[in-house]
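Since chain A is already given, all that's left is putting chains B and C on it; use the hints.
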Amino acid sequence: MSLSSRMVIVLTAVGIISGGLLSTVGILTRARIEANRLREIEEAIITVVPGAKTNTKIYEEKDFTVYTTRNDQGQIQGFAIYTAGTGFQDKIVLMFGTDAEINKIFRLTILDQKETPGLGAKITDKEAFLKYWENKDCSHPLMLKKPPVAQEELGASEVNAITGATISSEAVLATVNASLAKLRSLIQAGTIQIEENNGQ
Amino acid sequence: MAETTFIIKSSPHLRHPDSVPKIMLSVIISLLPAVAASVYFFRWRAVVLYLACLAGAILTEAVFLAARKKPLSTLLDGSAVITGLLLAMTLPPSLRLDQAVIGAVVAIALGKQVFGGLGHNIFNPALVGRAFLQTAFPVAMTTWIPPVTKIINTATYATPLGNLKFQNAVAQHTLTPLKDLFWGNTGGCLGETSALALLIGALYLVARKTIDWKIPAGIILSLSVFTGIFWLARPDKYASPLFHLLSGGLIIGAFFMATDMVTSPITPRGTIIYALGIGFLVGLIRLFGGYPEGVMYSILLMNTVVPLLNRSTRPRLLGERRAKK
Amino acid sequence: MASKPLSQEFTKGLWGENPIFRQLLGMCPTLAVTNAVINGIAMSLATSFVLIFSSLVVASIKKLIPSQVRIASYIVVIASFVTMADRFLAAFFPPISKNLGPYIPLIVVNCIILGRQEAFSSKNSVGRSLIDAFGMSLGFTLALLVLSSIREILGAGTWLGHQVLGSWFEPWIIMILPPGAFLTLGILLGIIILIDQKLQRSK
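Protein chains in written order, with the working numbering: chain A, 1 to 200; chain B, 201 to 525; chain C, 526 to 728.
Chain A with its partners taken away, still in its complex shape:
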């Protein structure tokens, strides 16, 4: 056998065997990986809209996905919005839930971030940051309170900034405010419609 045909045969054989193995592994793991991804979103939705039983994806674009959620009686509770914005280091991916009128934010959760540990990364900390976002009036754009004050002293649509991490706090705030505005305009334009009795 000539050298060049041996080279072709060996490389082809190696390629075919490895391709075959990989597609087997791919098939075996695909379902699980997809399930992991869905479960992560499912868990986030339950976190941001307490009592959510089912959810429906009603709108999707890059870094902006809207779900409607229903409670166990099948009534619409509101929206869960998955979105991302630019933080201090990298993208901050977050999700928050609002009521159906978009007047109130239920809760906020951070799904992915690479902020400075011990400083900006505190946006994932419930006591330092997330608890101030619970049940906030979002009929107007939210505002950041700095320096932070006690929870009782915060206004209805004010949230505390993290001391020393103004940029990360502001990034989350700007992302949430922008998503709220976007959601409202999409509803106004009729792109997103909520039909009370036509779920799933």
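No lab work stands behind these hints: they were computed from the structure.
Do not rely on the hints blindly, as some may be mistaken.
Claimed, not checked - PhoX-like cross-link-like pairs, simulated, lysine-lysine; straight-line CA separation at most 25 Å: (1) A:K91 - A:K126; (2) C:K587 - C:K537; (3) A:K145 - A:K126; (4) B:K270 - C:K723; (5) B:K270 - B:K209; (6) A:K114 - A:K145; (7) A:K62 - A:K182; (8) C:K623 - A:K91; (9) C:K623 - A:K126; (10) B:K350 - A:K146; (11) A:K145 - B:K209; (12) C:K723 - B:K269; (13) A:K114 - A:K53; (14) A:K182 - A:K91; (15) A:K62 - A:K114; (16) A:K57 - C:K623; (17) B:K222 - B:K414; (18) A:K146 - A:K62; (19) A:K114 - C:K623; (20) B:K437 - A:K146; (21) A:K91 - A:K53; (22) A:K62 - C:K623; (23) C:K728 - B:K269; (24) C:K648 - C:K537; (25) A:K57 - A:K104; (26) C:K728 - C:K529; (27) A:K53 - A:K104; (28) B:K222 - B:K209.
Below, chains B and C without anything else, positioned relative to chain A:
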């Protein structure tokens, strides 16, 4: 071998009367007004921080000299004392003492001795220590207290530059008055608050020609031009060049840190590029960066290009021709 | 080829030819993922899996591969095992997969793996290659364990997620950031060279 009676030495044969200890001594003297000012504004906090940094720096130097079997007498050349002093002057007054000591150890160990000691370091040792602390303890390094002389009923206090960056001070008309910046009656690092005290020491160094006046002049010039352009265009949004010159670590950085003989260029053209570069970077970071203050990173960044500047701006020898390509 | 005793083929990976501290190979995962012990362990296991199986395959088929296309063949073999490791982690350990992010696929370009195939497995028997791969994997694992332990303890006050330093300890956040990786590795390299010099002198 018996010692020869002839003295055979390579050049240089003419020596400047200044020696390392003499230069270091004059730098220490020049820092004293600012040290005194910081003790006046922050009282015992300042004193203990100076002591902690000095002890950390001198002990670390001694340990390294002993480990490298060098004579301990080089400890007396004063360079460790200066590193300790300068480091303390760039720390927030509220910093914990153990953290200050860590900074001093890092400054000497990683900033100077790992490179082979005085004269071989690439970066200004005090700034290496500060950069380490800034990244290691970001909260403690950005928590400020008001000076004792200012009666304010708050535990924490924004620095003039922090106020400018994060509180939109120009539009709110809450910018720190220039008068306070000049005398030092404001928050900030220990040694950087009083522009007056720093300038007194700086003038002494310039008059003695211990430092090259072109470095601070270049930094001040490029920072003024950079911030001046923005200030003239939008005086309602940007602070004036004078504010930028008097606030933060600009004066201490320009006169005492950028001028470090080991880490600044040796050629005249290189020196000018180095100085203009620092001023430009300070302006860039202060106006558009994530941090309110950028003197430390600007000097460290320009330190890295010093070897390159030295090589590319080497003056041509008499009669030397540029190599043809 | 002059062959060493088998035990030496194993132990050289631990000290004398340690892939990280001696050969300075595979710096990308070493510096990037050692910010926590769990990440260091996961990265070591994934790399060891790829290294051991690649060595096994390469040593068994070395006679079939014409030398002109050997690098391409090795890379295909390595890439297959890396992809398997990546999919496996994503399916069964999603949090670890998320933490390590792009660094698992990047094992493909980890020089330790291709280096061992080219320098060792392609010239030695299957058994010898496996012993070499185990030694190198263990050396890599130990190095990552030391690095990530130092970084996690100083940078977070914890070890494998357990609090080991008291509340008095203010974590040095720099240690779990990129500069901490360079500082720790540099200091460790210095210490190891120092120990080695002492050992050489005492011989």
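Going down the list of hints, with the structure as the test:
1. A:K91 - A:K126: OK: A:K91 and A:K126 at ~20 Å, within 25 Å.
2. C:K587 - C:K537: Satisfied, since the Cα-Cα distance of roughly 23 Å is no more than 25 Å.
3. A:K145 - A:K126: OK: A:K145 and A:K126 at ~17 Å, within 25 Å.
4. B:K270 - C:K723: OK: B:K270 and C:K723 at ~20 Å, within 25 Å.
5. B:K270 - B:K209: holds (23 Å)
6. A:K114 - A:K145: holds (23 Å)
7. A:K62 - A:K182: holds (13 Å)
8. C:K623 - A:K91: Within the cut-off at roughly 15 Å; holds.
9. C:K623 - A:K126: holds (21 Å)
10. B:K350 - A:K146: Status holds; Cα separation ~21 Å.
11. A:K145 - B:K209: violated (70 Å)
12. C:K723 - B:K269: holds (16 Å)
13. A:K114 - A:K53: Violated: A:K114 and A:K53 sit about 31 Å apart, past 25 Å.
14. A:K182 - A:K91: holds (19 Å)
15. A:K62 - A:K114: Within the cut-off at roughly 19 Å; holds.
16. A:K57 - C:K623: holds (24 Å)
17. B:K222 - B:K414: holds (22 Å)
18. A:K146 - A:K62: violated (31 Å)
19. A:K114 - C:K623: holds (12 Å)
20. B:K437 - A:K146: Given pair B:K437, A:K146 holds - Cα atoms ~20 Å apart, limit 25 Å.
21. A:K91 - A:K53: Violated, because 29 Å separates the two Cα atoms, which is more than 25 Å.
22. A:K62 - C:K623: holds (20 Å)
23. C:K728 - B:K269: Between C:K728 and B:K269 the Cα gap is close to 23 Å, so the pair holds against 25 Å.
24. C:K648 - C:K537: Since the Cα atoms of C:K648 and C:K537 sit roughly 17 Å apart, the hinted pair holds (cutoff 25 Å).
25. A:K57 - A:K104: The hint holds at about 20 Å.
26. C:K728 - C:K529: OK: C:K728 and C:K529 at ~20 Å, within 25 Å.
27. A:K53 - A:K104: Judged against 25 Å, a Cα distance of about 19 Å means the pair holds.
28. B:K222 - B:K209: holds (24 Å)
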